[in-house]
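Peer 1: Chains A and B are the protein sequences, given in the same order. Going by my numbering, the first sequence opens with residue 750, and the numbers climb by one from there. Going by my numbering, the second sequence opens with residue 750, and the numbers climb by one from there.
Calculated from the structure, these hints are not laboratory results. Positions of the beta carbon are idealized from the N, C-alpha and C atoms, including for glycine. Watch out, some of these pointers could steer you wrong.
[Claimed, not checked] Partial chain B-side listing against chain A, Cβ under 10 Å, derived:
#: 1; residue: Trp787
#: 2; residue: His838
#: 3; residue: Asn841
#: 4; residue: Leu849
#: 5; residue: Thr853
#: 6; residue: Leu863
#: 7; residue: His915
#: 8; residue: Leu966
#: 9; residue: Leu987
#: 10; residue: Met1034
[To be verified] From the derived model, a few chain A residues whose C-beta atoms are all more than 12 Å from chain B:
#: 11; residue: Arg765
#: 12; residue: Glu784
#: 13; residue: Leu1003
#: 14; residue: Thr1062
2 protein chains.
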Amino acid sequence: MNITLDDIARRAGVSRSTASRVINNHPHVNPAVRERVWQAIRETNYQPNLPARSLASRRSQVIGIIIPQPIHTLFADPYFPLLIEGIAHVCNERQFSIMLELATTTAGNPYRHLGRRGFLEGAIVASAVEDQFLLQWLAQETIPVVSVGRLNTHPSIPYVDVDNRHGARMLVEHLIERGYRRIATITGPMNIVAGRDRFAGYGDALHAAGLPVLPELVVEGDFSEQSGFSAMQTLLRLVPIPDVVFAASDMMALGAFKALRAAGLSVPGDIGLAGFDDIPLAAAMTPTLTTVRQPIGVLGQTAAQLLLDQLTTDPPAPATQRVILPTELVIRDSCVPNAERR
Amino acid sequence: MNITLDDIARRAGVSRSTASRVINNHPHVNPAVRERVWQAIRETNYQPNLPARSLASRRSQVIGIIIPQPIHTLFADPYFPLLIEGIAHVCNERQFSIMLELATTTAGNPYRHLGRRGFLEGAIVASAVEDQFLLQWLAQETIPVVSVGRLNTHPSIPYVDVDNRHGARMLVEHLIERGYRRIATITGPMNIVAGRDRFAGYGDALHAAGLPVLPELVVEGDFSEQSGFSAMQTLLRLVPIPDVVFAASDMMALGAFKALRAAGLSVPGDIGLAGFDDIPLAAAMTPTLTTVRQPIGVLGQTAAQLLLDQLTTDPPAPATQRVILPTELVIRDSCVPNAERR
DNA sequence: CCACTGACTGGGAACGCTTCCAACTGAGCC
DNA sequence: GGCTCAGTTGGAAGCGTTCCCAGTCAGTGG
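Produce the entire structure from the sequences given, and follow the hints as far as they go.
Peer 2: Pasting the structure below:
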């Protein structure tokens, strides 16, 4: 059996209340007594029982990270590790623990009501898909939630997002500037705001340049390599094929690249290719991939900060924060039109 | 205030004990009563309070995943997402939750005694580094632990591992078979068993072929891209340079590849290159990378199964399991000696 | 010398559940 | 009709904390 607070109290010759006060750093404890209690704690290597503490105090010092899709669809993408690391960084500093709620199948409700059950004090929804489950969950959950990625359906939920629209616009404007005109895009899933935003940025750039958005040049993907591959195959059936393809994620760009390689086309010789995310792969490919970098670690850190601020301030912060982080255009070798190389 | 078990009991016209029995699926409850209780639960959308439950039952249905190194050293490596997904898959099926204990700095003790505190029922140590902290932690922790990767220092701890030694040996034997003789290696960190095992496999293959292990051809890395880069620079100072380099991780192979590219050398024309892990990048590079595949998802699943079996069998399973999973040689384009291409 | 104050301490009631134990019930049996 | 016994139920004691409340005690000002 483990050591309890009572053991500590007895050992230090004080009451349980006083021992508790020492542990929780309450004022009004005689310094000598305080030291005696600490001594007992050190000697016994005492660790407070967390469930008991949570039960009594209604606080758990635990937040959840909820990832609604199975990760393997995003497989090689270091997005989640980096995001989680950002969150963990802040949590470690502020003595919070992380519970990982990871959907492993596409079927079923990925959200569990851990908040209502006294386990979680707050939650970060990573890569929110605006589906019925999320909406239902948000409606019933009573703990503070921060979303990574804007939720159009729930404007009142605090979120942290990167400026996807502007990033995509910068990239496509860069393509136009380089002389590309027949610009195709492989979009992300349209039920994720990031997918819609990046597509909107693509449209912005074309409009600004007086170019039309041609439906045949737009193919929807789901951010995965596989979807990039098949989307590219679709685009290759066009006559003429596009000058350049903007894939809304680097993984899709990779898939597209493989489809091009399979079709015997070279990048950027026969067709340009650009991505979004700047995963390490982008710099490792041959040719290196022009893309848009997003500060994933900072995204996670900010989300965690927003959430913990809400949890630790007293009275609770108003929970109305929105943060948009900037993106950065990364120009590499995959988008050099032939005209420019002559 | 949330609904409690008492509310349910009152609503269903039974005692709290009976309501509890229904929720926990105990036998000896009248079917009609059982149905009444379920009805009350459904109507009120009741969720049991988890801390209270843990306190009373001394079970939490939570296991920890402990990752002692900051992830960003392994940055782009999809190892952890895949491992975690494997674990999550089993946990979701068996109604367990996952707590993520992630070190975010290299300083300090990455292990917290969550087990002794009643929070964790068991823990999976991912990518165990045999340092003083782990040893200390294992000595004090009272909950079942499963290690991903063998721990030579603690032979009694159940583990799941891949056959790193044999995998590396197969790979290097393949290189020898292809005609390579001056075979260098960039090893993993020597305080990780996987690093040592892969190096041992390298040695096995050379010995079997009657080749010496030359110290100058062995450079220690830490599995990261950066370390591969600088290790390759070291190797390039040799005269003559190696025929081929076996990097003990794909990320190090990538780093090495970049160093070669920077030095104006081509792969496999001027020098061969092989990795270990078969991350998606390996198939995406130009040239595609010869490597060894390890079943990471299965690794995670097996670790979780071992742990949960120990937790859920009554009386507890003896905790002496060891599982070694096979690796698979993946031959691609980065190791084709010139002799063979003529 | 006597309230009065304020720092300090202990008692005890929660917190919401599990689980042991005792008691009840009615069917089956002699 | 009394007995046994398995199935079913309720009562109540924890589980290890937190935290409110009341109490003690020394120091202070009048």
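Peer 1: Any hints this thing doesn't respect? Which numbers, in order?
Peer 2: 1, 7, 8, 9 and 13
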